[in-house]
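Using the hints provided, position chains B, C, D, E and F relative to the given structure of chain A.
Residue numbers (our numbering), protein chains in the order written: chain A, 1 to 256; chain B, 1 to 256; chain C, 1 to 256; chain D, 1 to 256; chain E, 1 to 256; chain F, 1 to 256.
These are computed hints drawn from the structure, not numbers from a lab. Where is the CB? At the ideal position from N, CA and C, for every residue including glycine. Heads up, a few of these hints could be off.
What the hints assert, rightly or not - Calculated from the model, a selection of chain E residues having no Cβ within reach of chain D, i.e. all distances over 12 angstroms:
| id | residue |
| --- | --- |
| 1 | S21 |
| 2 | D55 |
| 3 | E60 |
Unchecked claim - Partial selection, computed: residues in chain A whose CB lies under 7 angstroms from chain B:
| id | residue |
| --- | --- |
| 4 | P67 |
| 5 | S87 |
| 6 | P104 |
| 7 | G218 |
Number of protein chains: 6
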Amino acid sequence: MSRLYEDLTAPEIATEISSSSILVLPVGAVEQHGPHLPLSVDHVIAHETATAVVDECGDELDVWQLPAMSISKSNEHAWSSGTLSLSAETLMAVLRDIGRSIAPTGAKRLVLLNGHGGNTTLLATALRELRLEFGLMTFLMHPALPPAYGGSSTESELGMGIHGGLDETSVFMHLRPDQVRLDRAARQVPESLERNTHVKFGGSVSFGWLSNDFNPDGYIGDPTGATAERGKQLFEQSIAALSEAMEEVKVFDFGR
Amino acid sequence: MSRLYEDLTAPEIATEISSSSILVLPVGAVEQHGPHLPLSVDHVIAHETATAVVDECGDELDVWQLPAMSISKSNEHAWSSGTLSLSAETLMAVLRDIGRSIAPTGAKRLVLLNGHGGNTTLLATALRELRLEFGLMTFLMHPALPPAYGGSSTESELGMGIHGGLDETSVFMHLRPDQVRLDRAARQVPESLERNTHVKFGGSVSFGWLSNDFNPDGYIGDPTGATAERGKQLFEQSIAALSEAMEEVKVFDFGR
Amino acid sequence: MSRLYEDLTAPEIATEISSSSILVLPVGAVEQHGPHLPLSVDHVIAHETATAVVDECGDELDVWQLPAMSISKSNEHAWSSGTLSLSAETLMAVLRDIGRSIAPTGAKRLVLLNGHGGNTTLLATALRELRLEFGLMTFLMHPALPPAYGGSSTESELGMGIHGGLDETSVFMHLRPDQVRLDRAARQVPESLERNTHVKFGGSVSFGWLSNDFNPDGYIGDPTGATAERGKQLFEQSIAALSEAMEEVKVFDFGR
Amino acid sequence: MSRLYEDLTAPEIATEISSSSILVLPVGAVEQHGPHLPLSVDHVIAHETATAVVDECGDELDVWQLPAMSISKSNEHAWSSGTLSLSAETLMAVLRDIGRSIAPTGAKRLVLLNGHGGNTTLLATALRELRLEFGLMTFLMHPALPPAYGGSSTESELGMGIHGGLDETSVFMHLRPDQVRLDRAARQVPESLERNTHVKFGGSVSFGWLSNDFNPDGYIGDPTGATAERGKQLFEQSIAALSEAMEEVKVFDFGR
Amino acid sequence: MSRLYEDLTAPEIATEISSSSILVLPVGAVEQHGPHLPLSVDHVIAHETATAVVDECGDELDVWQLPAMSISKSNEHAWSSGTLSLSAETLMAVLRDIGRSIAPTGAKRLVLLNGHGGNTTLLATALRELRLEFGLMTFLMHPALPPAYGGSSTESELGMGIHGGLDETSVFMHLRPDQVRLDRAARQVPESLERNTHVKFGGSVSFGWLSNDFNPDGYIGDPTGATAERGKQLFEQSIAALSEAMEEVKVFDFGR
Amino acid sequence: MSRLYEDLTAPEIATEISSSSILVLPVGAVEQHGPHLPLSVDHVIAHETATAVVDECGDELDVWQLPAMSISKSNEHAWSSGTLSLSAETLMAVLRDIGRSIAPTGAKRLVLLNGHGGNTTLLATALRELRLEFGLMTFLMHPALPPAYGGSSTESELGMGIHGGLDETSVFMHLRPDQVRLDRAARQVPESLERNTHVKFGGSVSFGWLSNDFNPDGYIGDPTGATAERGKQLFEQSIAALSEAMEEVKVFDFGR
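Just chain A, with the same shape it has in the complex (with noise of 0.2 angstroms):
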């Protein structure tokens, strides 16, 4: 059985989906990524990923994929021609829009699956607009969790492979094997903000930055390593991850 949203006819809302269900949303992002990688990363990084997990566990939790958003907030790479951006005042709109969509569904439970570390510090904003206005449940999980929220990239990157890096271009070669370009990447690691103690990717001291504040070339981190296999290996390891944490998400009741 299909397990897409909008697979459903209106009448099977009502039978389908209930209080115990939950329905995640995937947020990708259409953005310049260097020269090694089309623009569509985020968005089938996070359309694939739901797809997986849903696969995985949504018949035993009773999960239901939306439809993703294609586009989102990317204007750390406005400055390159070919990023299509939602503003930050848009994209909480839509999820206002989409959260008074669904409420009136039964579910409570809304999962933001997020393809996209330039989203996550509004989507995490937009958890708490949509709980307190519409009494969703609301949670936002991470293909692969940004360093400001817990995550790492590889050692050798020094931990800034934020965008365009090894592990994400490995994983989009494992999805997308004939779109990757190794030979037009090199290394593009801001090695001396490793010296900081505080001011840095996943510091304590959180900074503005664009995508070109680093480099004119559009990515960070050294992706010259990168490969289908270790991009199959994440890409498992991921939709492991987060099927458990759907089993969370499934009985999270705030330690009540």
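Showing chains B, C, D, E and F alone in chain A's frame:
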């Protein structure tokens, strides 16, 4: 070669997209469509139509397909849980953000390919906004023209097969043969409207309506005779007509 | 007795306005109309048409005339100094505020009588917004229907007499005989558009335009043969048709 | 010659409007005015005052009359059905749009001629916004000054004839003799307010009020002695004073 | 006992704040004040005034002091770097949010104690918005009344000591004796304005101004004779007057 | 010398503030903090921390303290009367207005020093907005890092002392010894959350919460063992760490 915009890398935007390119934005909807059709109808039709049109004439006319907006403005169906709807303000904001994003690519022509009649007037308004604000040449096409814009539905439906009726159901049967439950549908035509000369679908006087103004079942038309074969014919005619229209878009110059 | 809404006292609102009343909001525009017509054309036509229609059928059908909006959305003429234009957002906000204001009067039917084609799609969008938000039954009428809504201009203008052309100029000569300078006008028809099957005024593909896209003079059509006599005939036909339409508005019930 | 802005053609804007022109925007209101006066009072007074002032000094001072805003911000009367009110945000947006529209005409001086006390503080705020955003020199005049701005009503009303009182009723009797129902009105003066030194109309402490805070009848003052003769005198004094003020507007230069 | 609202615990809100409480919101500004005064002037005066008034009558009248807004709308000084200014829209939004927040406390009376003349008309507009939207009784007080609201400055300044002039400088010398550089100031009075009967500070015609419309130095008035002693006297008079006004606020009932 | 920005005069802005200056904006909150702490906690901590950090390193690093925002976004506590909260939109608007205001001063580095965890994600979003819109280098620091950003609370609280818990209460006891009522507090730890691997404070899955989702008392943690001494130690560690971080801010260059 892929004609999906998002499959390009950022450097390829500069080499592949030019002032002679046409960008096509499919606009779908996820909204109730009665008991016989899933929520996805307009999303599927917009996406499939765009794909087929770009297949047909993309290489020749330098057309690029943007990622489909799956959700748009469906507030005439907000009464029916399941419907996902952006507000008028949000949809306009999304369109402005997309216009702002594509303006730097060098593309001059943007086609909104709209699968949902409920968007038509707002998208038509947006044509001018994007032309004025970003200098784009903007166009609005429909897989099937809404009555208010000169389209018509079948005589047997008295021209009122506007939502889930004979033609739309047939086209969807062609595209997703397993997803239509014709046995759940009947004839739902607000027949007395036919007596009106002015105030009717496609009449000289438009009127504000919600889909449950007509009946509680959410569709307006008579899908009972729908067939995949009829749908195939309609779909192919649509692709042919839109491809022909795309040639006019390619060289359109305001008659100068 | 006056049929101007504003001539009522507050206590009379309760006694005179009821669920069977029709409120008519004339919507004009103040915008460039070429060298032969003043900025006031659409304002004057909207106001005079509303007045004549209410004279014709107001007592019989319980119609009340709201104060005309003189200025509306004219951004296709923003390039020409003199034009006064509200933004799309502002015009929608004004309409919402008016809808909110009249909802408590008990009137259920609101007619937007629109003298300016540039407003048509936005007002058509507003019909649904006001229906949904305030429960009003809403209607959109035009003194002369724009091509995109099924209207047509003269054959001699190839159907492209859309702004300051033969018919509009004639009607204005009838209404304000001293204010037309026919000697300053010529034929301004973007003739090559006629070759198009799809992308043209009233064609299946709408396009975004500013009035100076066609020529630098600000009008589109051929007013050279305009006469007050022709205008009188057109105006009277319009009043007759709108009064007939108003009877349908009076009893409109969505075909239930 | 007409001094209505909208009677100009677009080419005449360039020849007739210059940096020495003054544009006057009458701002009316359509709102409850008690049982003795129609909703139109402020609209009529703003319009008639503007017309008379422009008649008086328009040719000499190069003054042009913009179309009156009939509806403005009347939310202190929103409790009374019949009142038509724009929100504060909408009214400010309309004013900004008008400022943006007139800036390219070359006119430098814009006078808001405000017939409705409920707008005064918002219009006064707008003076600075339009000056800053569009470089216009902006002015705010009143046919009759509200108490908070130094105006006063009659001693018999203890200075509290602020809405539908003696003076306003008299002026309206002069302008529309057939539309006043004095027999329906009585004395409605919140007399105990007089005891206050600070918190009162025109006192050092302003307070937020809705018109039904004082009494359920919607007027504040004592119109019982109103006469058209008194109204004529007040109106003529007002025209004289405003014309005199317009001469100061003409040459105003911030004391430089 | 502290009379700072923020020093209460949440449970104490229920026991200490009631419908007889008065909440006072000091509204300051951080904006250029010429070469002789720091940016803080209006912030300091608003804060010190509120503190002194609450000291004077807080216990008797059950007054609670909200945290001061240090920054408000100062766009007349936006030309001078250093000025911190909220837009009109932002300031109104902040006030609405505060109104919404305090409505549930049970307090019914909110006093805006405004130290910055540039806010006056917007705050006066907000009085009604907060009354209508949240049912609060709302009041606007000033340490020193702006001319447009009936205040006056010294005769020697021709009533035009409106920003950094004799009185304001004196009061600030009293409050922050070490922070005034009188030697840097001179007389800056736009004397020719005095010739005007209508268009002048406190005249019947308001005008939009930016502080650099008058001179490039950023103050209007003549601070040269300012003394702390004069400031002390003015400050004490102000506290006495505002405390007296607060007694009227306490029992204000719209004269019913 | 004062290091308060507002103590400068306008001409001093030009001489004292340069591209090597750092501006610090303390962001507080006024919100319920359980029965044992006043509403002011986050306001006080933000203000005192900023003051101490500027004392510590202001002269050396050319740091200037902006006036504290006392109120910010506290809608997770909106259920508890007393809480003062700006909406997400308002807070973002305030931050944009401040960014716009400081951009002309020449300062390039802006530090948001945030005392309230409920603001963190929105402020982190603002970092990019202000960088992109105004070219500022932007940083976000916390007196105590929220768990989602890598901070932790005590082991005895299972890392869930996030609001009014041991550490925050201790710090406040140090700063305002007389204002804490430890006798009113108990242990309020949602212990069963500890069983979760992913969905928990600081886990890989964020969740939307309101403070009364956990318990009706408004605090989460165990303040029972709080002491001023512990608070002093924590505060001093925080000042030391932030001062060290400020040195990194001073020379931060994106690793170029």
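Taking each numbered hint in turn, which are not upheld by the structure, reported in ascending numerical order? none
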